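Everything in the sequence shown is counted per my numbering, starting at 77 for the first residue and increasing by one.
Among the hints, a few may not be true.
To be verified - 25 Å max Cα-Cα, derived DSS-like pairs, lysine-lysine:
{"id": "1", "residue 1": "K268", "residue 2": "K198"}
{"id": "2", "residue 1": "K581", "residue 2": "K560"}
{"id": "3", "residue 1": "K235", "residue 2": "K268"}
{"id": "4", "residue 1": "K183", "residue 2": "K239"}
{"id": "5", "residue 1": "K253", "residue 2": "K222"}
Hints are computed from structural coordinates only; laboratory data are not their basis. Given the structure is predicted, the values throughout are model-derived calculations rather than measurements.
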Amino acid sequence: MNAIQAPEIALDGCTSTPLAGYLKALGVLRLLGEQKPEWAVRGAWREERFVLKSEAFTGDLQVDRQRLAEFFLDEYRPTPIVAPWNGGSGFYFQEGKLNERDPITGKKIKTGVRNQPTEATKTVETILGSTSTRLAGYREVLQLSKAVVFESGFQEAPKEEEKRDLLQRLRGLLPDKALPALDAALVLTAEKPGYAPLLGTGWNDGNLDFTNNFMQRLVELVDSATGNATASARAWLPAALFSEAVPGMKSAAIGQFNPGGAGGPNASTGFEADSLVNPWDFVLMLEGALFFATVATRRLEATEPGLLAYPFTVRPAGAGSGGIGPSDEAQARAEIWLPLWPGFASVGEIKALLAEGRATLGRRPVRDGLGFARAVAALGVDRGIAAFQRYGFLMRSGKAYLATPLTRVTVRRNPDADLIGELEAGHFLDRLHQFARKEDAPARIRSRVRRLEDALFELTQRAEPRAIQNVLVHLGALSLALGKCRKGREEVPPVPELSEAWVVKADDGSPEFRCAAALAGLYGVDLPMLPFVAPVQREKHGGWGWHPESRMAVWGEGGLTANLGRVIVRRRLEASRQDVSAKPFQFCAGAASGDVASLLFGRLDEDRLAELVAGVVHVRVPARLVSIGATAALPAAYCALKPFFAPDTLLSRFLPPERTLSLPGEIVAKLQAGRVQEATDLAWRRLRAAGFPLPSHPGTAPLAQSLDGPRLLAALAIPLEPAELARCLGAVTREILVETA
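Put together the whole structure using the sequences plus the hints.
Below, the structure is given as structure tokens:
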């Protein structure tokens, strides 16, 4: 029977979440692969649960489940997991106490001699006194460890240099069977031990020592004298492997691996609840954690001075997590991204996968959750991984950490996410991230950065225009906030100039986006649109630098029409100040007449349009937009006014040679004041004086009473696509004008 035809067994008790379930699945696979190699077991993730496949299975579910149970109950040999450097590991007695009490504190007086046994030391002695061959390897490692501790003269857990010396001695003296546990938890460096966040700070989390809890659970499962499985072990195993309901779970700590089962406040109907654990869950979970043993030694690499990188483990990042705030992120230990593979793989293949467990952006290893998401989007399906389950080691329940499931990230190539790389220019993203995490960073900036990072994370997952637009919106809002923040300007450069690809890929065909792109593409002689939105100026190197004293940056509160009105006034003043004769209304790409009509008559989402403008000004706008808007009839008053808001190069066919058409400040002022008819009459007279071929009948300007002045001014600021502009100007020269929409 080949592997493809081999029967399968679904382990309903081994799920991808919580972390305890994931590690338990790895533990089952590792133990079967190493202790029953003739079974040639392979494992895969299917519908949130782990599935085993083996030629040793018969295809009869009950028979195969029984064979699996018999292995764990009768043959399983525990891996010796010890941590003699920890105070709760079972290698150190407590300080003895007298019956007398301190008259001040009321507590028993300590003797100063460490001779008081603890539950942990009693458990170690139980295994040392066992006669079972199943525990022989454990006995050997415990005996050697106790000898090393005794020879070192330690009466209590060592600190600093003494701890480092003990770790080095253990690394050199313990047998090979004990090294996976050592290597999974820590790495010895020239400076100090480095601890893998998956296993706390060297097999412990706060006061909870994982290794001694492992031993305590073992003696509940295996009779230390006979080596036979206890009656409770036989009852608990079906629940651990197949999620069958069984009573009588043990009240014991499980630590960070299962937040829902950790007990504590609000974990039950009362004020406090015990932590209930199936001993098999705890044992198999830690056996699974040993899968990462070779990883911590082979793939260790420096990312920055003083920092160590562990496979699939990165700095914590709130982006994309939903419920993690800045305070959570600051106190979090790390994130781990655990791979889910749908194809059956052997123990050796999974070890190889985890041994290569890192992600890179270009040549740089990723440093946080957002970087990992970008790497996943850049690489697509690699080594058969279908998704990553993201966990954050967050501080909860006092000072204890819990492995909290954050998000599920599907592995697929997303070229749109490559755009994020442009934000690394000038170290913008890094400096922004660092500034927002400082204690004195303004709350407004922190909030804006968090929203931007959430949008960037979303972009790694969604290849669609709206996701790119959301990034641009949050970039724009952040740029405005930084421009008003002295500390922000000192530590974070302006948003880098982004490529045309942002506009191309963000175009969702909406009139709001076309209008935003058209406005962002306005330019003149040294008058791009960006400085009228954010306080920036061109530097000698060609990039943008902050210019807090700028009078050009007039974009702010007040909504779209008010902002565009201020921009028009300021652009006209700047053109006059620079003695530029041409109107500052050249443009890259134009909108459609239907888009402009929608703004004129209140059919656009103006808040969204304003947000988009503030973001798209950071992008080089292409000459043409991807989407094409609808054509619509525009009011006659608009058509009469539009020549004053159009480049002279596009008016040449309507004006006598060498003639130009300037924008009078009176027209702008009258529109802002709502005196639309007066503005239209003035425009009509100026057009006639300039030689514009106006119709002889009627000889007066079109009526415009139904139009709102500030809104009309805002609509006039939006460039029209050249063909649409030609139709609009042509309408002015026809004998009969449409006077209303």
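Under the criterion that the straight-line Cα-Cα distance not exceed 25 Å, is the pair K268, K198 satisfied?
-> Violated, at about 31 Å.
Within 25 Å, alpha carbon to alpha carbon, are K581 and K560?
-> violated (30 Å)
Regarding the pair K253 and K222, is the alpha-carbon distance no greater than 25 Å?
-> holds (16 Å)
Straight-line alpha-carbon gap K235 to K268, limit 25 Å | holds (11 Å)
Restraint check for K183 with K239, where alpha carbons must lie at most 25 Å apart | Given that 25 Å is the threshold and the Cα spacing comes to 31 Å, the pair is violated.
Hint compliance for this structure: hints 1, 2 and 4 are broken, all remaining hints hold.
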